[in-house]
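2 protein chains.
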Amino acid sequence: MDKLKKMIVEKGEIKKGNVLKVDSFLNHQLDIEFLYEMGEELYNLFKDRNITKILTIEVSGIAIASMAALHFKVPVVFAKKSESLNLDNDIYKGKVISYTKNKEYNIMISKKYLNEDDRLLIIDDFLAEGNAIRCLIDLADESGATVEGIGIAIEKGFQKGGKCLRENGYNLKSLAIIDKMENGDITFRED
Amino acid sequence: MDKLKKMIVEKGEIKKGNVLKVDSFLNHQLDIEFLYEMGEELYNLFKDRNITKILTIEVSGIAIASMAALHFKVPVVFAKKSESLNLDNDIYKGKVISYTKNKEYNIMISKKYLNEDDRLLIIDDFLAEGNAIRCLIDLADESGATVEGIGIAIEKGFQKGGKCLRENGYNLKSLAIIDKMENGDITFRED
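Taken in sequence, the protein lines are chains A and B. Number 14 in numbering that gives the first Met the number 0 belongs to position 15 of the first sequence; there are no gaps in the numbering. Number 2 in numbering that gives the first Met the number 0 belongs to position 3 of the second sequence; there are no gaps in the numbering.
No wet-lab data here; the hints were simulated from the structure. Incorrect hints may have been included.
You can't tell identical chains apart in this list, so a pair holds if it fits in one copy or across any two.
Stated by the list, open to error - SDA-like cross-link-like pairs, simulated, lysine to any residue; straight-line CA separation at most 20 Å:
id : residue 1 : residue 2
1  : K92       : S142
2  : K15       : N88
3  : K10       : K110
4  : K110      : G168
5  : K100      : N114
6  : K79       : E12
7  : K102      : M180
8  : K100      : L19
9  : K10       : H70
10 : K111      : S23
11 : K94       : G168
12 : K102      : S81
13 : K46       : R133
14 : K92       : S109
15 : K111      : E12
16 : K162      : D89
17 : K111      : F24
18 : K14       : I90
19 : K5        : N26
As the structure is a prediction and not an experimental result, all values here were calculated from the model.
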């Protein structure tokens, strides 16, 4: 998506450890009209998959998942982060290691909101190592739902998450894939 | 908003300590088309205030703030929660005591995204004691921005947050105000 690449180049900030900050439009301030366009783009990529629900994870996935859901006319379920491992039987639960934050956290989804009839589109703002997405897939699998697609705003193509997911046969599409970040220069993968 | 009251009665669950759970449409699963209608209702309530930005707080405020922002055609800024008190000079920071979670947490907003030209609409999903909203107001004041309005989905009218804010002259409007929750029965304030 050319407009997203342009926004990343113009407004992104590269921080230590190959962290890309896009706080001005995606992670802190939200450029809602642009997010709506990204949602439409995700709809165009997955509209033939009969999606019944969009699955994402708090915090930064919520806005873009919501914008996509407006186009699909389906609900969003967001996995919740929790400090303690909740022991309820009525939740699906898993553990995620965050690359950017260098820490581990638990996530959970109420069993009420995912089931074997669901055809899921998983959406997130970033894909790097893919730990959060893998955990969402595990919880979806546990529920019996089908993962019909994975839609990402910004994929860091130089980390292994996207490669592994594609090799495992997932229908993964990213609106922008960054192949290199060096000395402040960003190289995108060709569409 | 009659439809919201109906959703609360039909889908809400009252938990110990007067906690109302609306996980099926507002706090875990998101009924996006209904949230879009709530966003429109908030737009109708505040459209004459020349809002330049919507301010909310992670996590549950983000989706409804985003839907309202689509109608206002303005960006959203969401305050971020952080465990440690960030000592950067480029952020506004404050402390919130959560009534439902019975714990204290820090929030922060980058100074880049709020300034004295902003005419803010503060949006959140719930208002009870009003601690989160008061903290957002403090940070807005520190930035020099004007708080033009406060829009809430569900106000617990039997807790003091809404009363105090109105007494202090804030233009606060809630889509549903609950005056009483007893034995599973919910009494709403008349519009």
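To see whether the hints hold, each was checked on the structure:
{"no.": "1", "hint": "K92 x S142", "result": "within (11 Å within a copy, 40 Å between copies)"}
{"no.": "2", "hint": "K15 x N88", "result": "between (41 Å within a copy, 19 Å between copies)"}
{"no.": "3", "hint": "K10 x K110", "result": "between (39 Å within a copy, 16 Å between copies)"}
{"no.": "4", "hint": "K110 x G168", "result": "neither (26 Å within a copy, 43 Å between copies)"}
{"no.": "5", "hint": "K100 x N114", "result": "neither (31 Å within a copy, 28 Å between copies)"}
{"no.": "6", "hint": "K79 x E12", "result": "between (27 Å within a copy, 18 Å between copies)"}
{"no.": "7", "hint": "K102 x M180", "result": "neither (23 Å within a copy, 40 Å between copies)"}
{"no.": "8", "hint": "K100 x L19", "result": "within (13 Å within a copy, 32 Å between copies)"}
{"no.": "9", "hint": "K10 x H70", "result": "neither (26 Å within a copy, 24 Å between copies)"}
{"no.": "10", "hint": "K111 x S23", "result": "between (35 Å within a copy, 8 Å between copies)"}
{"no.": "11", "hint": "K94 x G168", "result": "neither (23 Å within a copy, 45 Å between copies)"}
{"no.": "12", "hint": "K102 x S81", "result": "both (13 Å within a copy, 14 Å between copies)"}
{"no.": "13", "hint": "K46 x R133", "result": "neither (22 Å within a copy, 42 Å between copies)"}
{"no.": "14", "hint": "K92 x S109", "result": "within (9 Å within a copy, 32 Å between copies)"}
{"no.": "15", "hint": "K111 x E12", "result": "between (39 Å within a copy, 13 Å between copies)"}
{"no.": "16", "hint": "K162 x D89", "result": "neither (33 Å within a copy, 37 Å between copies)"}
{"no.": "17", "hint": "K111 x F24", "result": "between (33 Å within a copy, 12 Å between copies)"}
{"no.": "18", "hint": "K14 x I90", "result": "between (36 Å within a copy, 17 Å between copies)"}
{"no.": "19", "hint": "K5 x N26", "result": "within (17 Å within a copy, 33 Å between copies)"}
The earlier numbered hints that this structure contradicts are 4, 5, 7, 9, 11, 13 and 16.
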